[in-house]
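Protein sequences appear in the order of chains A and B.
Under the working numbering, the first sequence is numbered contiguously, ending at residue 113.
Under the working numbering, the second sequence is numbered contiguously, ending at residue 224.
There could be a bad hint or two in this list.
[Claimed, not checked] In silico lysine-lysine, DSBU-like type, Cα no more than 30 Å apart, as pairs:
no.	chain 1	residue 1	chain 2	residue 2
1	A	Lys101	B	Lys216
2	B	Lys154	A	Lys101
3	A	Lys13	B	Lys130
4	B	Lys216	A	Lys13
5	A	Lys13	B	Lys211
6	A	Lys101	B	Lys169
7	B	Lys169	A	Lys13
8	B	Lys181	B	Lys154
[As the list claims (entries may be wrong)] Pairwise CB distance ranges (calculated):
no.	chain 1	residue 1	chain 2	residue 2	range
9	A	Leu83	B	Asn120	48 to 58 Å
10	B	Lys130	A	Asn71	41 to 51 Å
11	A	Gln41	B	Val193	37 to 47 Å
12	B	Lys181	A	Gln17	22 to 32 Å
13	A	Ala2	B	Gln127	33 to 43 Å
14	B	Ala191	A	Thr9	33 to 43 Å
15	A	Leu95	B	Lys169	12 to 22 Å
16	A	Gly40	B	Val193	23 to 33 Å
17	A	Leu95	B	Asp151	22 to 32 Å
18	A	Glu54	B	Thr140	33 to 43 Å
Since the hints were made in silico from the structure, they are not lab data.
Even for Gly, the Cβ is constructed at its ideal location relative to N, Cα and C.
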Amino acid sequence: DAGVTQSPTHLIKTRGQQVTLRCSPKSGHDTVSWYQQALGQGPQFIFQYYEEEERQRGNFPDRFSGHQFPNYSSELNVNALLLGDSALYLCASSLTGSNEKLFFGSGTQLSVL
Amino acid sequence: ELKVEQNPLFLSMQEGKNYTIYCNYSTTSDRLYWYRQDPGKSLESLFVLLSNGAVKQEGRLMASLDTKARLSTLHITAAVHDLSATYFCAVQENRADKIIFGKGTRLHILP
């Protein structure tokens with residue numbers, strides 16, 4: 001049983017560009033959350049998707065947007081990249097209504113030059 | 114707004130010693146997580162604590178939750194080098210879905 005898978009694993013972009021990160025949740029999970037982890041910091045909640053809709057959002061600008069597909073996979077899009085967007089982006093999946101823990105993917109390391 | 118504070122943020126200790134990491138949070142919650150992260154890696158779930166007085170143990174790690182004090186502890190018994198990592202406490206807001214992480218405790222165990 002595959003866990004949470006993310007792609008790509010590494011990405012290098014330049015300021016002003018746009019990026020799309022992808023996540024496939026663990027089998028049986030219906031909810032996907034995205035986190036940004038800057039170097040030496042704890043993960044920061046970006047948003048969560050359930051039933052193809054954004055259910056909750058953290059303190060991130062509108063440049064950060066997402067999508068969830070009918071198969072529960074998800075994308076994170078970041079427009080007009082800034083140097084400060086360089087971070088590890090983590091996807092976590094869960095089953096809504098369950099007391100089960102969150103499962104995290106290995107992350108996408110984004111570097112903005 | 115929910116805030117999560119861990120202390121210490123950095124801990125260097127000898128093998129064989131015991132120590133405790135503390136996690137305080139600012140608003141009501143009844144779901145708390147502990148995660149481990151190795152350098153350059155993702156987060157590995159250690160414990161989920163769901164109710165006041167919950168205690169869970171796995172090997173040399175034991176976690177507890179006091180919802181009235183808004184405090185969780187992660188206790189390390191007879192530390193070994195393999196436990197060197199960064200440990201995060203994370204708290205889920207009541208009636209919300211987002212989980213707020215602490216800044217992490219970077220644990221370095223000296224052989």
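Checked hints:
1. A:Lys101 - B:Lys216: Measuring from Cα to Cα gives roughly 20 Å; hence the hint holds.
2. B:Lys154 - A:Lys101: 18 Å, holds
3. A:Lys13 - B:Lys130: 45 Å, violated
4. B:Lys216 - A:Lys13: Between B:Lys216 and A:Lys13 the Cα gap is close to 27 Å, so the pair holds against 30 Å.
5. A:Lys13 - B:Lys211: Within the cut-off at roughly 28 Å; holds.
6. A:Lys101 - B:Lys169: Status holds; Cα separation ~14 Å.
7. B:Lys169 - A:Lys13: 43 Å, violated
8. B:Lys181 - B:Lys154: 34 Å, violated
9. A:Leu83 - B:Asn120: 48 to 58 Å: 30 Å Cβ-Cβ, so the 48 to 58 Å window is violated.
10. B:Lys130 - A:Asn71: 41 to 51 Å: At roughly 48 Å between Cβ atoms, A:Asn71 and B:Lys130 fall inside 41 to 51 Å, so the hint holds.
11. A:Gln41 - B:Val193: 37 to 47 Å: Given range 37 to 47 Å: violated, Cβ gap about 27 Å.
12. B:Lys181 - A:Gln17: 22 to 32 Å: With a Cβ separation near 49 Å, B:Lys181 and A:Gln17 fall outside 22 to 32 Å, so the hint is violated.
13. A:Ala2 - B:Gln127: 33 to 43 Å: 40 Å, holds
14. B:Ala191 - A:Thr9: 33 to 43 Å: Holds: the Cβ-Cβ distance is about 36 Å, inside 33 to 43 Å.
15. A:Leu95 - B:Lys169: 12 to 22 Å: 20 Å, holds
16. A:Gly40 - B:Val193: 23 to 33 Å: Holds, at about 24 Å.
17. A:Leu95 - B:Asp151: 22 to 32 Å: At 26 Å between Cβs, range holds.
18. A:Glu54 - B:Thr140: 33 to 43 Å: 23 Å, violated
Checked against the numbered hints above, the structure violates hints 3, 7, 8, 9, 11, 12, 18; every other hint is satisfied.
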